[in-house]
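Protein chains in written order, with the working numbering: chain A, 177 to 426; chain B, 177 to 426; chain C, 177 to 426; chain D, 177 to 426; chain E, 177 to 426.
The list makes no distinction among identical chains, and a pair is therefore deemed to hold if it is satisfied within one copy or across any two copies.
Straight-line C-alpha distance at most 27 Å; calculated DSSO-like pairs for lysine-lysine: (1) 235 to 180; (2) 253 to 369; (3) 240 to 308; (4) 369 to 235; (5) 213 to 331; (6) 235 to 294; (7) 180 to 241; (8) 327 to 253; (9) 369 to 410; (10) 240 to 180; (11) 253 to 322; (12) 235 to 365; (13) 322 to 379; (14) 365 to 241; (15) 414 to 365; (16) 410 to 425; (17) 301 to 253.
Calculated directly from the structure, the hints in this document are not laboratory data.
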Amino acid sequence: MSLKKITKNGRALLLAYDHGMEHGTIDFDDRSIDPEKVLAIADCGFFTGVVLQKGVAEKYYDSKKHHVPLIVKLNGKTNLIADPDPYSPQLCSVEEAVELGAAAVGYTVYVGSCHEAKMMDEFAKIERETDKHSLPLIGWMYPRGKAVVGKEYSKEILSYAARLALEVGAEMVKIPYSGDRETFSWVVKAAGKVKIVVQGGPKIEEGNFYQMVRDVLSAGAIGLAVGRNVWQTKEPIKVARKIGKIIYKS
Amino acid sequence: MSLKKITKNGRALLLAYDHGMEHGTIDFDDRSIDPEKVLAIADCGFFTGVVLQKGVAEKYYDSKKHHVPLIVKLNGKTNLIADPDPYSPQLCSVEEAVELGAAAVGYTVYVGSCHEAKMMDEFAKIERETDKHSLPLIGWMYPRGKAVVGKEYSKEILSYAARLALEVGAEMVKIPYSGDRETFSWVVKAAGKVKIVVQGGPKIEEGNFYQMVRDVLSAGAIGLAVGRNVWQTKEPIKVARKIGKIIYKS
Amino acid sequence: MSLKKITKNGRALLLAYDHGMEHGTIDFDDRSIDPEKVLAIADCGFFTGVVLQKGVAEKYYDSKKHHVPLIVKLNGKTNLIADPDPYSPQLCSVEEAVELGAAAVGYTVYVGSCHEAKMMDEFAKIERETDKHSLPLIGWMYPRGKAVVGKEYSKEILSYAARLALEVGAEMVKIPYSGDRETFSWVVKAAGKVKIVVQGGPKIEEGNFYQMVRDVLSAGAIGLAVGRNVWQTKEPIKVARKIGKIIYKS
Amino acid sequence: MSLKKITKNGRALLLAYDHGMEHGTIDFDDRSIDPEKVLAIADCGFFTGVVLQKGVAEKYYDSKKHHVPLIVKLNGKTNLIADPDPYSPQLCSVEEAVELGAAAVGYTVYVGSCHEAKMMDEFAKIERETDKHSLPLIGWMYPRGKAVVGKEYSKEILSYAARLALEVGAEMVKIPYSGDRETFSWVVKAAGKVKIVVQGGPKIEEGNFYQMVRDVLSAGAIGLAVGRNVWQTKEPIKVARKIGKIIYKS
Amino acid sequence: MSLKKITKNGRALLLAYDHGMEHGTIDFDDRSIDPEKVLAIADCGFFTGVVLQKGVAEKYYDSKKHHVPLIVKLNGKTNLIADPDPYSPQLCSVEEAVELGAAAVGYTVYVGSCHEAKMMDEFAKIERETDKHSLPLIGWMYPRGKAVVGKEYSKEILSYAARLALEVGAEMVKIPYSGDRETFSWVVKAAGKVKIVVQGGPKIEEGNFYQMVRDVLSAGAIGLAVGRNVWQTKEPIKVARKIGKIIYKS
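Produce the complete structure using the sequences and hints provided.
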């Protein structure tokens, strides 16, 4: 299955914007709470995809107007229930995503959660559907749960999560960064032919962020999915351009 | 999707009458226990919709006789089981609602309940059906559950609930009022293109109620869904006219 | 939907005979354990319906031979598991009931049980099916469960149960008697256009039983569903005639 | 529905051989572990049916070669998990049983188990399928579970189990023997038109076993389902002939 | 159903490579983490099948290029959640396996786990599908769970597990070795017409491994499924040749 639509020169830079579902409005200010403003950033030319829940996609994303490819997140949950072993239900079908004009879809598996079996089952069924539509399926493989607490960024667990994406049939995997290139290159090996994009995470100092971008690329990832480190900055497009430069030219 | 059928001048005033399901007969007197009498109030010209469970709609609502649009509540539960984390099962399908002549449908999600995932899943599936029928889906987004107890009217939780309605694909959201215009205008922003109607709640002093109506409108809501503050008063139609004046002309 | 087939002069007298499922053989003697003998009583001309589980209907009820209309009970359970919050699974589909020649069907909701949501969900789905077949659906609305223990015969809970039948779309409701006319007339109001038949309950002294029949009718119920107070008596048909006289002529 | 295929002179003698599923290999010796050898016994002319799980039927039962009718057991479980309230999942569909050449099918309900509702639900659904194929459904109605512990052979519980088979729509019921003719004749009455075969149980002294056969027949059962009391004996066919003599000629 | 495609001279030697799913990357080194390198080993001529999860099969197995038959493992789970009673969800449908070019499929049942019923149910449904496609179904029958802890290699439990494969309709069973020929020949008898391959297990000393291969064959198994004892060695193909010699010529 081809990742062409959501990559450039084999690299990917995705703008994540499902924080309203996952975190509420706490991440937002008057600008970033408005999907139109964030879509304008997404459409600045440096992103190979924007990640939205179906409701935001329906009301704000217009495939005639927007150039950035749409990636629909198929499951999601609030962070209100502090379950140490989270589960995230499917909220959008593959068919709906196709009708919304999606170029790819994503689904979160909380690797290590005691509800893992349920999510793996849903993931596997979704994969049958995306296969029919030749739609790339991105695995949000996040270590979470009592079984992996404290080990979420370890080589052992991250390489397991990456491998899981390969074994279950994902085309791309979004995963946290382990923090150093050496361990992360093992994670990349574990994923095999599955391409890795690194999760941006909470906002950090810009210089450190650019360094991380360089590191994950040199470890073998093909890019990042960023949110807060772009749309929480004062000049999001400038930041996007800088990240883009590193990603597409390195 | 158009909200035209259940709005007037872009504003909405809904008469809620599903208390027999949600509270039993404790809210009723000899008048209000009779659906015919309450439907007569609903039909007085000041309401843009009446909210009924399917059983009451089937036996009392007559689209040839009644002018007020019908909104069918798709789920519901009794208040007998004092579960701190409530769940409300779907009792009416979208197809049934269409056959009953519904102009819109509603579904309650208890935001923060540990059964949230189940309700989000049902909500999302209903949304696929309402889409096919071009029927507006109204999210009754109610903070409820151990995780949010004491925070049901906070800016943080109400804006989260409103945003959830947007992310999951509702057209309108019914939500409690936070109590002040400033915080509520953030809730309105969180909802984006999703229109907000405020829940009327238990009967309060008339003057205070009218003030609340003005406040929620100035904060950006498009109206209210009222029940007890209308049909528990001595002169329901007079009260409806007063609320209508504020809503449609402000 | 018409109740004509299971009423006479707008009144109903149903013979209940699903005790083998609900109670075992403890209610039976050598006569009443035999479905043929009980069907002969049911067919004596004073009953507007006989209530059977599908197995008994299949093997004993013959629509060519028997004149009394058949009412198939769609769910049922044993009383072996002493769960304070009972659940009763569906055992017969609406289609099967139609094939058995049913003139109506019944389903028990244990109002107040923590499994209430599951039964309400099943009830609501059954209602869609009965609608297609124009088959009246009778709600066995029984207060049961830790949440209502000690309040099973209260005005508050019985009126709630009756109202629930209306809200969810039943055509008739079978409900226990509150014990006095005044409170029960509130229960009747709560049910609105849904007709009420009172549950006969355990065998009591004949004179008291006839008085109860008169009371429930004067409170607005349209009749009763009796079992033990008929087929546990020495002369069941004589008793049936007496009840019939009160019901059809008062 | 006709029981002709699995009865002779209105009597039934079934050879049960699903012990490998229910008990493991502990019941077997070098002979009885081999399905071919046990099928040879079953085919000796004295049995009106042999009870097999689908896997054994598929690989060993040949309708062209074997004369004894096949009864496929539709559910089953191991005895490894010592759950006081057992559940036995369906492992074979009615359609599969038909394709295997089954003359009847069986399903176990653990009467009194807290999973009773689930098994009753499955039983009832299976009954719809067997009805379509005019295939007799035999209820393995076994009292089991915390609610009935110590009462598994009581008149009260066994008559309840037998009645349940009638109420839910079985054609035949397999049930343990109460131990005396008087109580068991009440069990037979409870079953009404549903025919009873008694469970053979663990191996006992031959003379005692023949006496039990006579007793259950005189109490009104139409036969037995035996396993260990035949294929654990030294001369199974001789034993089968003796039982057959009692059953078909008494 | 024929096992021809995955046997040679009636014997089987399968290369297992689903460790990325079941164990993470801990079993791998720089060579064995790469599916291409392991597939090259599998294709060396000594294996009658290679066992893969669907994701690895999709991306690496090419039926035009590879000669070794593909066996798709239909369920799988991580080892992160240390549930003493494991459950492994189905991740690949039979239809998908067929499209991937599978010559057989496998499914794990944790025999003795309290989730056994769920896995047996899934296994039985899969069997209906494989039957339609004439695809051999291999049961990974692994004793696991609180009920069997400490008895995983006992004659009693292993013969039960093998028998279960027969009763439920598997064509082949993969099972741990009991450790001695005498007990294992009872296990072989229990399986009847179902062929047994022994699980290779963790890497052990080469000489001991070859001895085990000889023992299991002489006990009646038709071969082994090996993984670590091949691809964790320095010269995997040399080892494969040695095992092959024992298996195909003994």
